[in-house]
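Based on the sequences and whatever the hints tell you, model everything.
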Amino acid sequence: MATSFAFPSAQEYIRFLPEMILIAAGTLSMALEGLAGDGHRRGTAFLAILAILAASAGAVYAGANPGPAFSDFLIIDGFATFFRLLILTVGALSVLCSASYFTREEADSGEYYALILYSLAGQCILATANELIMVFLGLEISSIATYILAGYLRNDARNNESAIKYFLLGSFATAFLLYGVAWIYGITGTTNLSGIRAAMAEPAVASAPWIVGGAAALLFVGFAFKVSAAPFQAWTPDVYQGAAAPVTAFMSAGPKAAAFAVFIRVFLTGFHGMGDRWEPVVWASALATMVIGNFAALTQQNIKRMLAYSSIAHAGYVLVAVTAHSKVGTEAAMFYLAAYAFMNIGAFAIISHFARKGEKYVRVDDLAGLAARQPVTAALFTVYLLSLIGVPLTAGFFGKFYIFKAALDSNLIWLTVLGLLNSAVAAYYYLRILVVMYFHEPGEAVESATPASFGTQVVLWGSAAAILALGFFPSLLLDFARQSATLMR
Amino acid sequence: MNLLDLLIALPAAGFLAALLIPRSSENGVRMLALGLSVAIFLLSLGLVGPVSAAGGGRHFETNVPWVEAPSIRYHVGIDGLSLWLIVLSTLLTPVCVLISWRYIDKRVKEYYAFLLLLECGMIGVFASLDLFLFYVFWEVTLVPMYFLIGIWGHDRRIYATVKFFLYTMAGSVLMLAAIIYLYTRTGTFDYTVIQSLLATGRLTLSHAEQAPLFWAFFVAFAIKVPLWPLHTWLPDAHVEAPTAGSVMLASVMLKMGTYGIMRFCLPLFGNAAREFAPWIVACSLIGIIVGALVAMVQPNMKKLVAYSSVSHLGFVVLGIFSFNQPGLDGAAYQMLNHGISTGALFMLVGMLYERRHSLEIASYGGVASVAPKLTALFMITTLASIGLPVLNNFVGEFLVLQGAALANFNWAVYAATGVILSACYMLWMFQRAFLGETPEAVRRHVGDINMREMAAMAPMVILMVWMGVWTQTFLGSIGAANARILEQSKVNVEYQVREATPAASGAQGVHGGN
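Those sequence lines, one after another, are chains A and B.
Once you know that position 162 of the first sequence is 162 in our numbering, the rest is easy, because the numbers rise by one and skip nothing.
Once you know that position 179 of the second sequence is 179 in our numbering, the rest is easy, because the numbers rise by one and skip nothing.
Rather than coming from a laboratory, the hints here were simulated on the basis of the structure.
Some hints here could point you the wrong way.
The calculated lysine to any residue pairs, modelled on SDA-like cross-linking and capped at a C-alpha distance of 20 angstroms, are [claimed, not checked]:
id, chain 1, residue 1, chain 2, residue 2
1, A, Lys357, A, Leu17
2, B, Lys106, A, Ala217
3, B, Lys106, A, Pro442
4, B, Lys163, A, His440
5, B, Lys106, A, His440
6, A, Lys357, A, Ser448
7, B, Lys163, A, Thr299
8, B, Lys163, A, Thr382
9, B, Lys106, A, Glu447
10, B, Lys490, B, Gln325
11, A, Lys360, A, Ala449
12, B, Lys106, A, Val205
13, A, Lys327, B, Pro70
14, A, Lys327, B, Gly187
Quick caveat: nothing in here was measured; it's all calculated off a predicted structure.
Here it is, written out as structure tokens:
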């Protein structure tokens with residue numbers, strides 16, 4: 001802990017650059033919203049994209065100057081840089097496919113993009129937090145913005161339901177997290193992760209493993225909620241289904257990646273010493289998450305709900321990598337979260353576009369015959385779905401491969417076998433979308449479909465290109481993940 | 001880039017090219033697919049000379065890194081076993097293009113694109129020498145076949161294609177787990193490196209490791225074969241697939257399973273393979289007999305041929321698990337024979353369907369009087385399929401039975417009943433469909449085959465005779481490859497002791513330690 005106060009150096013501000021850019025741009029777009037008339041709304045989306053690009057450049061620049069910032073409250077290491085860039089990519093893709101959606105819903109306004117930028121700032125703080133109070137702050141900044149985003153279409157009943165559920169359950173989970181932080185502070189006298197790690201080794205603390213275990217369990221509840229891991233996944237389907245499709249795309253990739261980042265950082269640094277104790281808990285949670293997600297998805301008729309359950313299942317795969325609690329496991333989780341972001345945002349971008357005003361067409365059957373009328377869109381969707389299934393030559397396949405390889409390296413044989421069988425079960429519901437798109441005759445929803453907007457096209461092609469590029473040359477990303485996977489302690 | 005790499009790359013390039021051709025020029029896609037697949041076939045004949053001349057060993061090897069870490073390599077190469085399966089794949093692709101020429105009239109460009117992608121996957125499966133690469137190609141074949149059945153199939157195509165995909169996927173994920181486990185033990189996916197580790201004793205797989213690894217590989221392959229009782233996806237997939245899909249499925253994709261058993265299960269887990277051989281042989285014998293009996297009562301031609309495949313593939317598995325040279329040679333030869341004769345049967349049934357629009361045997365009768373050339377071809381194919389001497393199946397079945405008899409005489413006795421039963425169901429179908437009274441509907445709709453269909457059938461019939469008479473064209477190189485596999489399957493095997501002194505086997509109580 002810092003004993004005396006000192007003004008932060010310029011170096012430390014540089015390490016905090018992305019967050020500052022995002023917050024400034026978010027506030028600017030709120031202000032501009034008031035100043036500009038109705039005709040200038042496109043400008044805020046553009047501003048948001050620019051801010052995200054600038055923040056990404058800032059993240060790269062900050063990554064080149066690694067080290068702690070603000071009395072060890074934040075730490076900028078490769079791991080943080082990887083997740084910052086991932087989160088910012090998710091943000092950019094979400095913004096690109098939001099513009100046309102909210103224009104269609106007649107709800108295009110600057111505050112939407114401001115909220116996205118704030119949420120991204122919170123997630124970037126999560127990725128860099130080296131301190132449990134910062135974890136809490138980052139989580140709240142990210143979550144509160146996301147709660148509002150979930151209910152953004154305020155005249156839509158489903159949006160309201162989604163927001164209120166997310167808010168109530170989310171606050172409850174955060175309370176658990178905060179209580180865990182309080183316990184940790186009570187036991188160790190510090191909230192700094194390296195400090196916790198050091199305190200864990202002391203005989204006084206090591207002799208009372210159940211109290212530390214209790215604190216770890218409380219933190220686990222908070223993180224498990226945020227990554228929608230069983231048994232705290234129940235909110236996910238309702239919230240994802242109710243929120244506007246581009247928001248769901250954002251929620252399922254951005255906040256989830258950030259939550260996993262902090263989950264991994266806290267459990268692999270602070271609680272690393274007691275890995276053998278928490279491993280069985282995460283093991284059970286990983287298995288339950290995969291099983292619940294995949295089996296519940298089998299019977300869904302609504303695509304958003306199906307993809308919500310699928311996102312639970314994918315969180316389960318990442319938890320398998322966390323269970324491995326090794327460097328290889330961390331690399332695998334990082335690769336997988338990136339791969340998942342591309343395939344999931346691609347899929348949600350298609351839904352955002354296809355659903356039409358008021359999200360009229362969101363059933364699986366509405367996609368009937370899409371391949372006959374819009375073969376290119378259907379082919380792109382096929383790429384995402386094959387990647388979600390985990391067919392070779394897609395990013396999803398290498399993601400699964402790295403995760404289960406990490407699990408086998410850590411001798412988790414049963415979890416690997418059960419996880420792989422789960423991924424075969426998952427093939428069924430993804431195939432259903434393919435079946436409907438390719439093997440059914442076009443229905444009313446497809447006949448009335450229009451071509452996607454430019455922003456959506458960019459997202460669709462970009463995601464597909466990324467998935468195939470990583471499917472053929474996984475080293476492009478894995479090398480970056482490998483260099484970044486060593487957590488700075 | 002040698003000839004083999006070219007053979008893998010060309011169909012993939014064709015897949016992309018077909019997708020880029022405008023939708024309106026359907027004939028352009030057809031011509032591209034035909035021209036390219038014929039060219040690939042002719043090129044693949046270039047593999048035959050060098051491999052046959054040199055005997056055993058690997059040829060046309062390419063070994064370059066693909067992913068740095070974990071080390072995944074693009075490592076391909078062929079021996080006598082892979083050679084002929086690759087040639088079979090490259091032969092059947094243009095044949096399939098020909099028989100689909102008129103029948104496929106919707107989404108033409110996707111159809112031929114998928115057919116070429118399938119060819120790429122199949123050649124890759126037979127050429128891969130890296131376990132990871134093998135898995136990739138193995139899964140890649142799944143996608144085009146899924147669409148071939150699902151888009152261009154018959155009424156229950158969706159049920160059939162989803163069942164096909166899920167069955168295969170469920171089996172192959174376990175294989176993936178086993179492949180990764182081998183990697184954690186050896187640090188490489190390279191099959192040749194793993195083999196040399198085994199051969200030099202630097203890698204020994206204990207009994208506790210071998211059994212689950214063997215089953216993880218074997219179940220994936222057995223589903224593909226398909227071995228009774230894992231065969232239930234096959235009749236559905238065959239009946240619902242378009243003709244070319246059935247031909248590709250029966251002739252080549254099923255062989256991926258038996259090829260995998262020979263290439264990987266025997267050399268890697270020889271011990272477990274020998275230990276479980278009695279059970280597997282029992283399954284294959286049940287498959288031979290049950291498949292034949294079920295085929296006999298089928299009213300639907302395609303279903304009949306599909307169940308006959310279950311029976312025929314039982315022979316192949318029986319031959320493999322006889323663990324001797326004639327058994328393996330017979331199995332490998334029978335893989336090719338079944339590809340030719342059952343492929344031809346599916347083509348002929350497809351031609352009948354295009355004319356009469358029915359697969360029910362009862363809808364036909366007296367076809368001989370209206371389509372004499374088609375009848376003659378069907379007769380030759382039937383005779384080949386039931387194992388008439390001078391035609392191809394006879395040689396393979398004989399070798400398999402010989403191998404089985406050497407291992408255990410009773411096996412050969414049971415398997416031989418399958419040969420008899422096959423004569424019953426095939427000839428009975430021929431009699432009902434082609435002889436006797438000619439109903440009005442058949443007279444009106446069923447015409448004789450045209451030049452295009454003749455061109456597709458001609459290589460099949462020629463091969464039936466060639467493979468029945470000049471067996472050394474094929475068996476020389478196959479035998480050399482099999483001898484190596486047999487040799488490798490004796491490494492890391494506790495049973496060596498027992499084999500060397502069969503009389504003492506009862507007394508050898510200690511097999512546990514390694």
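Within 20 angstroms, alpha carbon to alpha carbon, are Lys106 (chain B) and Glu447 (chain A)?
-> Within the cut-off at roughly 18 angstroms; holds.
Would you mind confirming whether the straight-line C-alpha gap from Lys163 (chain B) to His440 (chain A) stays at or under 20 angstroms?
-> 17 angstroms, holds
Take a quick look at whether Lys163 (chain B) and Thr299 (chain A) sit within 20 angstroms of each other, Cα to Cα.
-> 17 angstroms, holds
Hint consistency between Lys357 (chain A) and Ser448 (chain A) [alpha-carbon to alpha-carbon, up to 20 angstroms] = 12 angstroms, holds
Does Ala449 (chain A) lie within 20 angstroms of Lys360 (chain A) when you go C-alpha to C-alpha?
-> Since the Cα atoms of Lys360 (chain A) and Ala449 (chain A) sit roughly 12 angstroms apart, the hinted pair holds (cutoff 20 angstroms).
Keeping to a limit of 20 angstroms between CA atoms, is the pair of Lys106 (chain B) and Ala217 (chain A) held or broken?
-> Given pair Lys106 (chain B), Ala217 (chain A) is violated - Cα atoms ~58 angstroms apart, limit 20 angstroms.
Restraint status (C-alpha distance of Lys327 (chain A) to Pro70 (chain B) at most 20 angstroms) = 14 angstroms, holds
Measure nothing beyond the straight line between the CA atoms of Lys106 (chain B) and His440 (chain A); if it is 20 angstroms or shorter, mark the hint as holding.
-> 13 angstroms, holds
Given pair status - Leu17 (chain A), Lys357 (chain A), alpha carbons within 20 angstroms | 38 angstroms, violated
Decide if the proposed pair is consistent with the structure: Lys327 (chain A) and Gly187 (chain B), CA atoms, cutoff 20 angstroms inclusive.
-> OK: Lys327 (chain A) and Gly187 (chain B) at ~17 angstroms, within 20 angstroms.
Given the proposed pairing of Lys490 (chain B) with Gln325 (chain B), does the C-alpha separation stay at or below 20 angstroms?
-> OK: Lys490 (chain B) and Gln325 (chain B) at ~13 angstroms, within 20 angstroms.
For the pair supplied as a hint, Lys106 (chain B) and Pro442 (chain A), is the alpha-carbon distance within the 20 angstroms limit?
-> Satisfied, since the Cα-Cα distance of roughly 14 angstroms is no more than 20 angstroms.
Violation of the numbered hints given earlier is confined to hints 1, 2 and 12; the remaining hints are satisfied by the structure.
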